[in-house]
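Protein chains in written order, with the working numbering: chain S, 4 to 256; chain C, 643 to 957.
Simulated from the structure, these hints should not be mistaken for lab results. The C-beta atom is built at its ideal place from N, Cα and C for all residues, glycine as well. Treat each hint with caution, since some may be false.
As the list claims (entries may be wrong) - Here are the simulated distance ranges between beta carbons:
1) C:Ala888 to S:Val178: 36 to 44 Å
2) C:Ala915 to S:Ala34: 23 to 31 Å
3) C:Ala831 to S:Arg84: 34 to 42 Å
4) S:Asn102 to C:Ala831: 45 to 53 Å
5) C:Ala734 to S:Ala34: 52 to 60 Å
6) S:Arg84 to C:Met843: 24 to 32 Å
7) S:Ala34 to C:Leu895: 39 to 47 Å
8) C:Ala888 to S:Asn102: 25 to 33 Å
9) S:Ala232 to C:Phe883: 43 to 51 Å
10) C:Ala751 to S:Leu142: 26 to 34 Å
11) C:Thr793 to S:Ala217: 47 to 55 Å
12) S:Thr10 to C:Ala811: 24 to 32 Å
13) S:Pro24 to C:Ser730: 25 to 33 Å
14) S:Ala217 to C:Ser730: 44 to 52 Å
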Amino acid sequence: MPVFYGTTVDSALMLGTAGYPSPKVLADAFARSGAGVATVSLRRESGGGQDFWALIQSLGVTLLPNTAGCHTAREAVTTARMAREVFGTDWIKLEVVGNTDTLQPDLFGLVEAARILSAEGFKVFPYCTEDLVVCERLLEAGCQVLMPWGAPIGSGLGLNNPHGLRALRAAFPDVALVVDAGIGLPSHAAAAMEMGFDAVLLNSAVARAGDPAAMAGAMAAAIRAGREACLADPMERTDMAVPSTPVIGRAFL
Amino acid sequence: MSVTVIGGGVMGLCVATELQGRGIPVAVRDEGPGPRACSWWAGGMLAPWCEGESAEEAVTRHGLGAADWWQAQGVPVARNGTLVVSLSRDAAALDRFARRSRGHRMLDAEGIAALEPDLAGRFARALFFADEAHLDPRRALAILSDRLGRTDSVAGQVIDCRGLSARDALRDLRGVRGEMVLIRCPEIALSRPVRLLHPRMPLYVVPRGDGVFMLGATMLESDRRGPPTARAVLELLSAGFALHPALAEAEVLELGADARPAFPDNLPRIRRAGGVIHANGLYRHGFLLAPAVARMVADHLQHQTRPEFMDADHD
């Protein structure tokens with residue numbers, strides 16, 4: 004099970020709380036997902052009022068507040084400080100939006116905010132790209148978890164750069180790595196876990212499914228399958244067929 | 643039996659009207675229709691099929707009779723259907739909407755132009771929900787209110803329809819904030835509500851007649867009732883501009899915001915608590931579901947039935 008800043012969470016599925024048809028549907032999806040962590044937004048565009056927060060807190064999972072919708076490092080730092088007060092946790096999923104169309108992270112602002120927040124004792128979960136150099140900078144800034152995207156937020160495109168994600172896993176074997184954003188299907192989530200990622204964070208794939216609870220269950224199963232496959236040490240790929248039964252004894256000459 | 647209805651929003655007025663129609667003496671404790679009630683800010687769409695795309699099945703089933711009920715009360719109801727469109731880059735959203743709803747047919751550009759000449763050439767496809775309707779919420783509230791007696795006291799059976807204010811008695815009620823813009827744009831004519839699907843800023847435009855349109859509405863998990871934020875107005879007007887550039891020349895008549903009362907499944911509840919009957923939690927379906935909930939309340943009072951939206955007694 005994934006370990007974030009010394010805390011073990013009991014599922015590799017992290018689930019977002021935005022965009023569900025109703026709080027009841029959200030609660031059902033969480034129950035089916037077995038998710039260990041719920042992300043929750045403090046800012047208005049993703050929803051956020053006392054009643055809604057109380058409801059999220061009643062889910063009984065670890066809360067990871069985020070800074071979704073912040074466009075500058077300063078905004079993100081302020082929002083993180085407010086989130087610490089409201090939710091009583093020093094965990095923060097750090098998002099600094101760089102482009103409103105793609106919601107791509109502003110990596111410069113991200114590193115800056117990560118440095119400030121880490122110095123203030125926050126346990127920062129930065130939403131970043133798979134860029135190796137940026138990830139190094141984030142680790143230097145004090146992050147012990149990295150959350151590279153699979154694809155743009157809400158796009159459902161899956162893992163756009165499998166090579167880059169694999170290279171990141173190989174480069175940081177001891178850092179907790181979470182694929183965040185872009186997951187649309189269970190197969191995307193399974194692929195990330197097969198690569199050796201510690202966890203997957205998703206939201207729209209479940210919230211916008213026709214049957215969110217059923218999709219939450221499918222995601223949980225896929226993530227478990229991907230994790231077990233990774234631990235089972237998958238066979239290597241070859242270009243030549245390898246028979247699974249011996250050919251000796253048959254007229255193979 | 644006599645009844646006092648507390649609260650003169652759409653729920654209270656519908657309950658009182660339904661009871662009065664069944665010959666039960668009823669009085670409403672309220673100051674009369676106005677901006678204090680969140681139904682004052684409503685869109686007034688009677689769109690059971692469109693709402694069924696994201697709402698529970700019961701919303702469609704109980705919303706189907708709404709247009710008839712309103713018409714029977716003498717409220718003008720426009721039965722011209724609903725048009726649902728998306729920008730070309732969100733074409734998949736229209737297909738998804740079609741897949742997840744019923745009661746529609748797909749129109750091509752020619753079909754759209756025939757229904758709404760001012761939208762000609764703007765969209766390649768649209769979903770047409772022919773059996774839907776819309777009304778003017780403020781006019782509807784006024785018509786019901788004018789026929790009902792008022793009271794300052796509380797006597798007989800109390801029916802509490804105070805919306806979000808009833809949170810002192812209904813602990814599981816929450817607010818879902820909505821923001822709207824009212825504009826006048828005589829350059830454009832629409833005969834029916836048009837919904838623009840958008841992944842981040844969905845919009846509906848409801849024609850009120852005389853070139854007036856209501857643009858709505860945001861959905862935020864918050865019970866704040868203050869004025870709309872710049873972001874909300876910016877998004878609603880931008881989406882309106884995407885629907886038709888002529889809307890950029892409109893006069894802005896009103897900016898409004900309020901919080902809708904909702905239970906965790908976003909379905910209404912009828913609940914007995916301490917001798918009082920509560921009817922609440924209509925969420926974004928006030929004009930669509932209030933008639934059905936009103937009938938259920940009346941049935942319960944007259945025949946002691948336990949209607950579908952009635953939950954466990956809290957006495």
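Please write out, lowest number first, the hints stated earlier that are contradicted by the structure.
1, 3, 4, 5, 10, 12 and 14
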